[in-house]
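Trainee: The primary structure of each chain is shown beneath.
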Amino acid sequence: MSIYNNLFLHIGPDGNKLNPEVLQMSGPILSVEVSIPSDLASALTKENKPIPNPTAGWALIDTGATRSCVDDDVIRKLGVNPIGAGEVHDSGGKQSVNFFPAHFRFPGAPLPEIEFTSAIGVNINAQKVNNQSIIALLGRDILKNCVFIYNGTLGMYTISI
Amino acid sequence: MDNEPGGKTMQDITKNVLKKELEYYKENKKEFLRTYKGQFVVIKDNKLIGSYTTEIEAYRAGVEEFGTASFLIKQVLDQEPTVDIPALTTGAINVNL
Chain A
1 MSIYNNLFLH IGPDGNKLNP EVLQMSGPIL SVEVSIPSDL ASALTKENKP IPNPTAGWAL
61 IDTGATRSCV DDDVIRKLGV NPIGAGEVHD SGGKQSVNFF PAHFRFPGAP LPEIEFTSAI
121 GVNINAQKVN NQSIIALLGR DILKNCVFIY NGTLGMYTIS I
Chain B
1 MDNEPGGKTM QDITKNVLKK ELEYYKENKK EFLRTYKGQF VVIKDNKLIG SYTTEIEAYR
61 AGVEEFGTAS FLIKQVLDQE PTVDIPALTT GAINVNL
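Order-wise, the sequence lines are chains A and B. Residue numbering for the first sequence is 1 to 161, as defined by our numbering. Residue numbering for the second sequence is 1 to 97, as defined by our numbering.
Quick caveat, the hints were computed from the structure, so don't treat them as lab data. Computed from a prediction, not measured in an experiment: that's the story for all the values here. Heads up, some of the hints might be wrong.
Only pairs whose alpha carbons sit at most 25 Å apart, straight line, appear in this in silico DSS-like list of lysine-lysine [what the hints assert, rightly or not]: (1) B:LYS29 to A:LYS77; (2) A:LYS94 to B:LYS20; (3) B:LYS29 to A:LYS94; (4) A:LYS46 to B:LYS44; (5) B:LYS44 to A:LYS49.
Bound-form chain B, shown alone (with noise of 0.2 Å):
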């Protein structure tokens, strides 16, 4: 087995790409709730661009506009969706067969 050290930690890859962005989105989101619960938005800067029904039609609606600029797509739920990934941090997978 070999163990090699892990680099860098899940801190520090989340970059402040979509920080004005996803600000925007906490400040607005009592707004987005009433009118796009359920929907896909996208965000650029302090601009809500749109609401689409699914994540890939947002997507294509954002690069047509933004190219291979960044822009924030997120989903106007309630509740932020959990996701689970137990196997990041088990250090379980480095082996030499």
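For reference, chain A alone in the conformation it holds in the complex (with noise of 0.2 Å):
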């Protein structure tokens, strides 16, 4: 099982701090890069068509969320199609989306890599921690294989897999 440990540091005259505030205003967020999935990627192999470069972003720790999400438009570019469609109820009612295949990794920490058949596909990437963008949700779907330890007083999470 792997620890991770994000500690989230304000940067100050004094040196870096543990600050409860930066974790509050950011979130429990992780790097992730969005990328097509390995069966994908072995299709496209297959066509002699070029596989796209992975997407950057942050990766938003969603305990409120059922299954996982990815930006709709990360993964549109990326090229894939979704598999398939559905209704996610938000604070504004019921919405349609539809479900794309994944891959996540998570550059900086010692996670390992996740492939979704179907992440949800929604529109997140206006939301912005230090101007990079949110581009996924990581929801109920993998907590339930993590502990997961928000620590709000130090200003730190803990996130095992």
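Two chains, two frames, a set of hints: combine them into the complex.
Mentor: Here's what the structure looks like:
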């Protein structure tokens, strides 16, 4: 089992210090690279087509999300077609969405790569932390296999997969 | 805090890529429930391609058959499962630290 501790630091004249407000403002995020699923990469190779480069951004650990999500624009620009459709309930009511296969890698964190058959395509990349877009939500379909500790008092979280 | 406009609405992103397949599934759902309940079916245009125990098996079969083209995977269930994503419209995640 891989364990990742993410500390949210305030950079000040006295050096870097753990700061609960930094975690409060950003939420429990980590760097993510979204790429096409490996089966699709194999299919592209067979068809002599180039494999698109991954897209980097933030993933937000979202205990409120039943299932994990990927930004619709990001996954479409990688050339991935939806494999399903359905409805999600958000705070505004019901919304229609597509489901996409996707591959997540977490650079800088010792966590395993995750292959999704159907992540939910949502419109989230306007949501930014330090001017980098949130392009994925890690929902309870992933968290069911994890220990996740949100330490708001210290300003850090721990996740093990 | 840096609030940016959301751009596209959620309705904009559900294009009709799988419209034909979804209609075919809807029309034949009763029959699928009798034969494939709980399984994952792969549908392309107006044709059932196969049924599989897991979603990943269904996906691999679809990619094997259709490559990079679109196809539908649907788990055959009486009721469609509900998915909650409450954070989607709160707009609370735009921050500069």
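Trainee: Hint by hint, say whether it matches the structure.
Mentor: Cross-check of the supplied hints:
1. B:LYS29 to A:LYS77: violated, 32 Å
2. A:LYS94 to B:LYS20: With Cα atoms ~22 Å apart, A:LYS94 and B:LYS20 stay inside 25 Å; holds.
3. B:LYS29 to A:LYS94: Holds. B:LYS29 to A:LYS94 sits at ~22 Å (cutoff 25 Å).
4. A:LYS46 to B:LYS44: holds, 21 Å
5. B:LYS44 to A:LYS49: holds, 22 Å
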